[in-house]
Every structure is written in C-alpha cells, then in structure tokens.
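Number of protein chains: 2
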Amino acid sequence: MKVLIIGGVAGGASAATRARRLSEDAEIVLIERGPDASFANCGLPYYVGGEIAKREKLLVVTPERMRERFNLDVRVRTLAESIDRTRKTVRLRDLSTGHEYDETYDKLILSPGAAPLRPPISGVDLSGIHTLRNLQDVDRIKERVDRGTQHVVVIGAGFIGLELVENFVRRGISTTVVELQNQVLPPLDREMTTPIAQQLAAKGVTLLLGDSAEAFEQSPEGIVVRLKSGRALPAQLVILGVGVRPESKLAADAGLEIGPRGGIRVNQQLQTADPDIYAVGDAIEVTDFVLGNATQVPLAGPANRQGRLAADHIFGREIRFRGTQGTAIVRVFELTAATTGASEKSLQRAGQAFRKVYIHPANHAGYFPGAQQMTLKLLFAPDTGRVLGAQAVGGEGVDKRIDVLAVAIQAGMTVYDLEESELAYAPQYGSAKDPVNMAGFVAAGLLRGDHPQLDVEKFLALPDDQRPFLLDVRTSEEYARGYIPGAINIPIDELRGRLRELPRDREVAVYCQVGQRGYLATRVLLQHGFAVANIGGGYKTYQLFQGA
Amino acid sequence: MKVLIIGGVAGGASAATRARRLSEDAEIVLIERGPDASFANCGLPYYVGGEIAKREKLLVVTPERMRERFNLDVRVRTLAESIDRTRKTVRLRDLSTGHEYDETYDKLILSPGAAPLRPPISGVDLSGIHTLRNLQDVDRIKERVDRGTQHVVVIGAGFIGLELVENFVRRGISTTVVELQNQVLPPLDREMTTPIAQQLAAKGVTLLLGDSAEAFEQSPEGIVVRLKSGRALPAQLVILGVGVRPESKLAADAGLEIGPRGGIRVNQQLQTADPDIYAVGDAIEVTDFVLGNATQVPLAGPANRQGRLAADHIFGREIRFRGTQGTAIVRVFELTAATTGASEKSLQRAGQAFRKVYIHPANHAGYFPGAQQMTLKLLFAPDTGRVLGAQAVGGEGVDKRIDVLAVAIQAGMTVYDLEESELAYAPQYGSAKDPVNMAGFVAAGLLRGDHPQLDVEKFLALPDDQRPFLLDVRTSEEYARGYIPGAINIPIDELRGRLRELPRDREVAVYCQVGQRGYLATRVLLQHGFAVANIGGGYKTYQLFQGA
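In order, the protein sequences belong to chains A and B.
Quick note on numbering: the first sequence equals residues 33 to 580 in the working numbering.
Quick note on numbering: the second sequence equals residues 33 to 580 in the working numbering.
Certain hints may be false.
Any copy, or any two copies together, can satisfy a pair, since identical chains are not distinguished.
Lysine-lysine pairs mimicking BS3-like chemistry, simulated, CA-CA at most 27 Å apart [stated by the list, open to error]:
hint : residue 1 : residue 2
1    : LYS490    : LYS34
2    : LYS34     : LYS281
3    : LYS465    : LYS86
4    : LYS281    : LYS120
5    : LYS572    : LYS34
6    : LYS34     : LYS260
Source of the hints: derived by calculation from the structure; they are not laboratory data.
Only chain A is shown next, with the shape it has when bound in the complex (with noise of 0.2 Å):
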C-alpha cells in the first residue's frame, strides 16, 4: 500500500502518522509546499506578541522527527500541481529546484488547507499587507514589528484578526480594527461579542464596525488604508484576516466535486468523488452536526480527527465522520469568547425553531475570592430541548462551559438532562448550582410554562404604545445606577406587599440584574392574576444589546 498526503499540517500530519501506526509496511508519502511540516499555526500570532518567545516552539514536529519516528517519507518545499486519476499519479515540483516527477499512490489524501483571502482591493499587493497563515508570514510580520511600526491597521475582526491585535497592543502598537459585519467574531451572536468591543476599546483599540478597505496607496511613512466611509487609516502594517478559501483547485482540476463554497465534497467515509482520492481539513466541506446542512469549518480539531480517520478507512477500518460542531475560542486580553453548535443566526439562517436564554453566573462560588462573571447563552429546541448551541463570554471558566455544553451537543442531551448534570464543586471551581445547571434550569423552566420571558431586543423593538408595563425589580441603589427607560422601580423584597401599584389591564414586563429576582417577580405575580412576562438575563442582557 502506498499512501501520497498533500498537505503537511494538522490534518495531514494527523494521517501520516495514523497510516505508520497502523502499518508498519505501507509506503507513506508526505508532500508539503513549505519548509515545515505540522507547525502549530494557532499559535503564530504569540510568536508576534513574544507571548511565544522562541520561533522553535512553533515546530510541533520537524520533518527529521516524522522520517526517524514515523518513517516517513516527507517532501517538503514540494508542490503538487495536478493529479492524473486515471494512472493514480501526482504531478509534484521541488521548489528548491525546479524538478518536476510523477508520484504514484493506491490511496491519495488531500490536505491541503484554506488560504487567507487577499481581496481585490486596489493596492492589496503593496509591501506591508499581508496574511497570516504559515511560518513565513509570521516572519515577516514579525520582521516589520520588530523594526518599530508605529500603526497597524488589521481588516477583518474574525479569531486570527483579534488575537493578532492583542498582540499588536502587548508590542505597543497602535491598532486600528475593520470589519464589515456590524460586530466583531462573526460566527457568534452579535450581543455576545459586546464585552469583547468593549475590552478592545478598554485596551486603546479603534474598533470601527460596519466598514471596509476601498483601497491601499503608498504614502511617506507606510501605507494609508482609505475606508468605504472615506476615513483614511495611516499604517506601517495591515493585515488581511478576512476569511479563508479551500484549496480546492487541486481537486478541482482533477475532476472532483466542488461545494458551492469552494469545498472539496466528502462522503461520511471522507472520499471525494474519486474513492482512493480522500480529503480533510479545511479544503473539504463539511456538514454542521446540529443544523445538518453543508458548512465550512477551517478548525485544528477537526482536521486532525479527520486526518485520522481517512487514514483508518484506507487500512480497511470503518469510520464515519461525524460532522461538526464548530467548537471555537478565542482569548482577547483578558476575556474569553467561545461558542459551540448552532448560533442563533445560524438558526434564523436555517429557518429552524428555537428558544434562548442568557445567564450571567460567576465561574465559581460568588463567597470564595477571585470570582469571575461570564455571560453564557444558550439555545435549545422549543420542542424537545434539545440543546443546539451555547455561546459564552466572560473571564475563568468560558472554557470549561464551553466545553461540557459541546459534549451536551454530541450527546444529543437537552435541558432537561442539564438542570442533573452532576459537575465539580468546590468553591474555587465552580457552585453548586454550576452555569451549566443554572442554564438548564432556566431553559427548562422555559419550557414548562414557569416563567414567560420576553426577549430583550423584542422589547426594545415594540412601538411605545405596545410596549408592556416595565417593571424594575432591583434595589433602589441598582435602579438609580441605571434602568430600562421606562422603567418603575419596586425591589423584589417589597413586591408581594405593593402589588396594587401595579397595572391589571396590561401585561407587565420585569427585570432584575441577571434574571433571577425577575424569575422569582414573575412567578409571584403569575400568581396573583397578573399578565407577566420575565425579560431573560434583565439589565445585563439588555446592556449586552445596547452594544458596545
């Protein structure tokens, strides 16, 4: 058996070594258009910032480990330009030389990743715009930082865009952001991405939304970036971090089913159209776990996995490749956003039925020192409560929710299985009533008719005369830092005896801080004959749409 990978990163180191694990005897070809093969490329925006101080650490694993070890054959600074899928050849140059040769295979794997898109911008190719994707331009990022540049302006305010700004800021750097999308990290919900603008601006970053680069001219003193909204940005430095494309023009060329958005199509075994022909990583289109439907994911994860798994099928293994979920994170300064399964907007976009909830817990008991707030959001099936998606932000402990609602996901659990979840306490970890339980216990409650709640935003966008009676059941100190206007306030602890103040002709909205005293007003009030309604997550929740 002889195996030919294109593609040295995760997902093609992943099946080279899954391929010699499983046999000793296969002849295994690694071809890589670098000279590295399997850097960690999320890392490469801290080699900028010196958060990674030492270039080497980024080599997870040098091409003399992978031949000694794995005994691979592994070709780097090699380019594949074409495949003959009749002969079972791949067309391959040595870029240090110029040789071109035929390479045979039995079973070929394509892994040949995304490419960071470069826009057809006037000026794009000006000396000082770059990408970020690999070893060679974090170099020259680098290079450019460490000769001192004053101003960086980085279009596009996606996972890379923003942890390249906050390295940007640790060098000192002044940083402006530009991204089209009226929010930053646009695979999550836009409320859920207020704190993360708001920590920008805190750390001296311009974040300007709803813009884009027109064109990039020369000047004295570097580049001057001129904006849709004609403002004209002066940088030493720009980075392009406005999405990826599969690198599909390989498979394409040779015949292969392309998806709509430039994947490589994949069956659940990842074969392309061509059976001995595999491909994974972030070339192939992939199906999203929760909605069904077909989706790019450019992750490290999956790409291993699927690297993996292409490699067992080839030596006669059964495999099925899940699909995915799309688990992603992202540390901006001092705050963590991460997001798995369905957003909202991808449920809107999918057209299917959902409810939401927001909760704002601490990451461990409120009595031990050192509590951290995060904001968690999670989305689930009106129906069944199947949960969907979860979203969080926050400071300690995003990860782990995260991370346990990501497993929820998989396992197919609802809210319901939530509100049991038996997780770690002890007061430096988590409560007693974890988030994670929290969650459940509001989305159940949901669902079972305990509490209904007005989202926030639909408030907001009622016409004033349609709007409910609004009630503030905080304490006086809470309500004069700030309300909903409109607003009247009665603290929850006086609500049972000041009950006639309020209306019985008209439906009455609460809110408290974070949803609790407003669950707990809306039960009493249900109770006494009122028309209520909970507004979900209260004051933070709507200060969460007020935006940044």
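Position chain B against the provided structure of chain A, taking the given hints into account.
Relative to chain A, chain B alone:
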C-alpha cells in the same frame, strides 16, 4: 398546602425557595437547629486559613432574606424532636427558650444532613478536639488558631481534612495528618493520590498513612495523640475528619426505612416509606448512577438538586431522581484532584468488568507558555466501551476534563464518542487533540485491539522469572534519570534498526514516559511479529504506583 422542612442548609433551603416559586399560597416552614440557614459549608476551611477573610461571606442567605424575599417562616435554633405520622405533626423545641410545641404539615421534607463522626476513642471529648460541620465549629477552630496553635493533628485525609490541612499550613502551623487507609482522599484510587501525598510532603505536612488514633491525652502543652503505631503526637488542636453519619434518627424513630449505612431510604421521587415525608441531602441513601447500588454521597450539588426535586413533586410535577455519580473535586495547595463515576476499587467491589487507561497530558498546547501536566485515568466497559469513571490529578484544567467526562457518563457515552468530542481549542485552553480525546483514543485503541496493554501493577506483581522482556523506548537521557528495574533502553527512533536485539521467544513489555511512544513501539513490534504489550501510561504511571 403546608410544607414543613427540617434542615435549612443545602437541600432544605433549595426545597424551601423552590416550593415558594411554585406556590405563593403555600405555607412553608423551615426549621433549622443552628443559628444560620443556608451557609456555605464548602467554604468553611478557607475562613480558618483566611483566604475567605470575612465571616459574613459564608452566610449565603440570611434567615431575614429568606423571610423577605421568599415569604418563608424560618425558625432557626429550633430542634425537631419527633414526628407523629398519624397526626402529621412534628414536635419542635425552641432552643433559645426551651419551649416545645407541635407543628402540623401536609408534606414534610427532611434535610437533616450528616454529622461528623466522633469515634469512641479515649479522651475524644477533650477540649481542643474538633469536628467541622457548621459556622459554630469553624468559629471554635479559628479562635484556637488565632490564639496561637503550633501543632495540629488532622485525623482523616479525606476532602475536608486536606482542605483544612492546606489552611493550617497557610497559617504557619505544623500539621500532621493521620489516615487509617494507605492513601489520602479515599474516594480516589490509591495511585492517583500519589501526587497529592507528594505535594503535602513538599509543603512540610507530615503524612502518616495506615495509622490511627488510639487515645487522646491532656498534656501541659495541650493534647497528646497516641497512635496505633505507638507514635505520640503533641498538638494544641486536633481535627476529626473521619467521615460522616447520616442524621437519620428522627426518621428512624418515626418508623421510616433506613439503609444499612444509616441513610434514609427514599424512592426515585425522594419519598420515604411515608409518601407525605420526603428526605433529601446527606441524610439519604442514593443510587449510584454507574454501579446501580445503594450508597451514601454527602455532596452539596446533589443535595441542592434533591431539595428542588422534592418541592417539584410536592407541587404535582413528575420527577425522577436519577441517582448520583459522585463527582467531587478538591484543591490541595497547587494541585487539584477530582473524580466522577466509578473508581477502580468501587468497580472491583461491585465485581463489574472494566478496562482502564492512564494519560499524562498537558492542560493546553505545549508550545504555549504555562502548560501544566495532569494525570487522567479513564475507566470503561470492556464490551461496549461505555465510560464508567474518571479521575484526574494535576494543575490547571483538571476540573474541566472531569466535568466533561461527568457529562459523558451522564449521557452514557463511550470511549469511541470521546474520540470524536469537539472541544474548544486555542493554545491557552487546550490542544487540537484534547486530553479527553486522547483518553478516548487510547481507550478505544485498547478495545479495538490496536495495542495490547499491560497494567503496570500487574507487571510489577509478576515473579521475576515470569516477567516479560522489559523495553524502555525513551531517550538515553530519560533512561539515565530513572527506569523500571530490569529495563533495557532502545530509543523509539532507533527501534526499527535494532529489532534483532529483542527476543522472539518471550513476551516484550514496552514503556516510555507517558505511554505514547510505547504505543508506537508496540505497533511497530506487533507488526514485526513480536509478542508485545505496552505498559499503559508509561514510567509516569509506574511512579504513581511506587507511591509518594
């Protein structure tokens, strides 16, 4: 509806507030023997050490707050003396006045908790010998510490015992721990506690395992603790942390059924033998979710959920308590130890078949600074691969993996599912192949027969002449720092060229540092026709079994 609740901490307080949310009309009477309702029992040790600086932090909800916000009839310093099931009354005694009276109920919820054991040892009632259950206990302990205590002896190395130890050391007190078993943290398997024992030693704590107190004697300097081993330990303060006993006397006297371990028997609706009497929390017998047997699990999380569920059932909801899987966690100085589901010893006791793997991963990408190592042990069914239990010990990230695995156990997931789990990866939080995935890979590989595994303790138990040929595939530098006696060293990267140095007429046992290179070596040797097994978890697991 009149609901009478005996016990105002975790389960009782949860039942009371839940009952109020479900019914504004109900009369809800909450009886608490002590002066405080709903205090933070899990925080008590940290008030002794000063990490929780203010006593009021420990008062989660005051009786006043319960009255105001939840309209509860809270009676502290009130003792429940007996139940008259026919008349449906409870005899109460006001401990402040001595006044006795009967209180009626429609539904009664018992949440009396569990009392720390005071073993019948000579001198156990001497001044300076304390247990820790409530704020009054902690006041007494803290007062003694504040007055100046040079030596403390802690009897019992369970969770609360070790939490107190950490806090005594924080106060600069010379601390000795005496534990009857041959390990600390008895709910964990012994080898998993080795790092904790080492950590205690590193912090200057004297740990005496397999020993016990036989007598306490007054001395001019305070107390002398006489041990079974003959040792005599001087102390000004002794803590008894040798376990708890369900407070089931009230229930037993009322003729309610009690289990063999002293817990009040309840059905899945948390009803005792009398359907109008519920019981929740540390006082009840619960079903082990994994093993299916009856057990006692004194933990705050389940107590809270049971209280909530009992109230639900009283107000007409369908509920079913699913049992307890015993998820627990403890911080011991810089280390964290946690467990969920069955342990190896509980599986052995139950006669249930299992397999196990050990891995020693970092909490996040090794190329990112600050990665900390942990040891993760996974127990699973040999036939289906269902996850039965997990334990972890190490630095950051232990809590996250145990919570993820707790949910996997709840969902009935298998080790094959863990291979596919999509967890949040950025270099600060995890790895593209998370420890949970890695545990799944190793376990699934074992079940698929990819790599025969020899458990290190089984290897060590073999007579010398029956031991396999022992091969260490680490580097020569690693080998030089220490190896399993009898091992010869062939580094993995030289293995393929040195196969003739290995015997073909004898089994070969391979190991490396953590198991991964050993696995590769096993695959290489298997395919070259050797009879080979990998020592799971490698040298690090060997060291765990060697003990502290």
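How the hints compare with the structure:
1. Taking the shortest Cα distances, LYS490 and LYS34 never come within 27 Å of each other, neither inside one copy (60 Å) nor across copies (39 Å).
2. When the C-alpha separation of LYS34 and LYS281 is checked against a cutoff of 27 Å, the pair qualifies only within one copy, where the shortest distance is 23 Å, while the shortest distance between copies is 74 Å.
3. Taking CA atoms no more than 27 Å apart as the test, LYS465 paired with LYS86 passes between copies only; the shortest distance there is 23 Å, against 42 Å inside one copy.
4. For the identical chains of this complex, LYS281 and LYS120 are intra-copy neighbours only, at 18 Å inside a copy versus 80 Å across copies, given an alpha-carbon limit of 27 Å.
5. For a Cα distance limit of 27 Å, the shortest separation of LYS572 from LYS34 qualifies neither inside one copy, at 59 Å, nor across copies, at 36 Å.
6. Neither within a single protomer nor between protomers do LYS34 and LYS260 lie at most 27 Å apart by alpha-carbon distance, with minima of 53 Å and 68 Å respectively.
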